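Student: Taken in order, these protein sequences are the chains called A and B.
Numbering of the first sequence is given in numbering that gives the first Met the number 0, commencing with residue 0 and proceeding in unit increments.
Numbering of the second sequence is given in numbering that gives the first Met the number 0, commencing with residue 0 and proceeding in unit increments.
Just so you know, the hints here were simulated from the structure itself, not pulled from any lab data.
Not one of these hints is a red herring.
Each computed BS3-like pair below joins lysine-lysine, with the alpha-carbon atoms no more than 25 Å apart:
{"no.": "1", "chain 1": "A", "residue 1": "K203", "chain 2": "A", "residue 2": "K114"}
{"no.": "2", "chain 1": "B", "residue 1": "K82", "chain 2": "A", "residue 2": "K161"}
{"no.": "3", "chain 1": "A", "residue 1": "K184", "chain 2": "A", "residue 2": "K102"}
{"no.": "4", "chain 1": "B", "residue 1": "K73", "chain 2": "B", "residue 2": "K162"}
{"no.": "5", "chain 1": "A", "residue 1": "K161", "chain 2": "B", "residue 2": "K73"}
{"no.": "6", "chain 1": "B", "residue 1": "K33", "chain 2": "A", "residue 2": "K58"}
{"no.": "7", "chain 1": "A", "residue 1": "K161", "chain 2": "B", "residue 2": "K172"}
{"no.": "8", "chain 1": "B", "residue 1": "K101", "chain 2": "B", "residue 2": "K172"}
{"no.": "9", "chain 1": "B", "residue 1": "K55", "chain 2": "A", "residue 2": "K161"}
Bear in mind that the values here come from a model prediction, so they are computed numbers and not experimental data.
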Amino acid sequence: MIRRYRRISQLIVFISIFIIPLLNVFEITFVKGTFYSLDIGDIAIADPLSIFQAMISSKSFLMVMLVSTIVPIMLMILLGRVWCSWMCPYYLLTEFIESIAKKFRIKLKKPTYSKTRNTKTNATRFITLLIGITLTGIAGIPLLNLISAPGLMSSQALVLVKFHYITFEAAFIIFLLFMEFFYYKFWCRYFCPQGTFLSLFRNKKGLRVEKVVENCSNCYSCIRTCPMCINPMEDGLNYLCHNCGNCIDVCPDNKKTDTLKFRF
Amino acid sequence: MSIRKFLQDILNNNPFKGFYQVNRLRPPGAVDEKRFMELCIRCARCIEVCPYDSIKRADLFEKLQIGTPYIFAKERACYLCMKCPSVCPTGALDHNLVEPEKVKIGMAHIEQNRCLNYLYVKEEEGIINTGKAQICSTCYNVCPFQDKAIVMEKFILPVITEKCVGCGICVEKCPTEPKSINIIPTGMGNKDTAGFYYQRSKMIHKKSEEITTDYYKGDKLLQKKQNIQAEEKPKYQNNFKVQEKIEGW
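I would like the entire structure built from these sequences, with the hints used as guidance.
Tutor: Next up, the structure:
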């Protein structure tokens, strides 16, 4: 059930990366921008990592920048990392790859759950982010924006709609998607600096997955289905959890009584 | 010595910023090039709102400035609609800029030995003889700040004044090939002037035999000074050679 809503939300966002430039071609500038930064009416929304990088590389602090990070950070605090699972166009494509693999019976190597793996995954993510930010500081330009999957996709869509060509950056996205066949969601889980930066704003009181009852049937179907390879029964507050709700959909106990649910 | 030179080239020149090229401009309101590269998050909003498709997204051909906005004056100039400065989320384009007169993205420069009007005058005066003399005046006619940014000297010779904003419409419309008017982006000319002390220090640290030491002292110097005659004034206007590219400064 949640999956359906999520799919609708994802599709709306995915289509909008083409619709927004098209509207702008017709000079309707109500919504403008890419997923680095977007203006809806007068609300400015910007990727917090981009803004952070701009601050680091320019060594300055502008109010204009800061205001635009309010909406994504509020969203992160209230609803958790829903950007990744409910909106990010790249995530939609990885799920698409997953379904293709299922259709052609290609077995994706999905790692099994273990606690140490989670710690390692999180460490990889944060170290990647740290290295990226350090390199940004040294180079003096927002380097991590060059590997932002959603940003690249939307700016490629913009170039495609407005100038009718795509640049080589599309190859980067295609390469990542190709690699998904061999390493299950490796970009989202291990490297994506945007998602990692967002998960820093994870709030304990925000929306999270929680096992409401004491005992469940312990079928572990939620662990098997989790795209981030964590244990939804315990790790609702893990930095990796992006509130996709797959575990809630798949839980067989939910049909009888509320077992695994979104809670504030 | 060559290793030192190599290391100097690699380490002292940031490969990410400080590239200039004639006729390749930043959108109106852009801050200083170096700071622009720091602030620009490549969100492409200015590219998106540009109604004339003037602003292009820099490709791999523009080296490591991938994703940043550029105006290629030869293809499509900036028509100064002033939509882009206000949409920038990080202030890489100045938000407060609304008057097109205050834009300063570059400065036009006329190549006098190629411009048709200048050639026409030379032909009239009998300096050259090609038999193909014609009056063009396109740059004067298309300029959005006619008689302010570009004036006609002797009613025929186009001359750029300080009020030129560097929009590049004259470049786009110039009929000669190669273009006889070019836009030099703001900040590009600074390499020679800003690097004065740098150049001087290089001069000092050079080997002593390389420097020609012509010193005049006392009476000799006085004599030399008296010999200087101020009859012929130096020609300042447009009296410099345009560099095609400046990189890594």
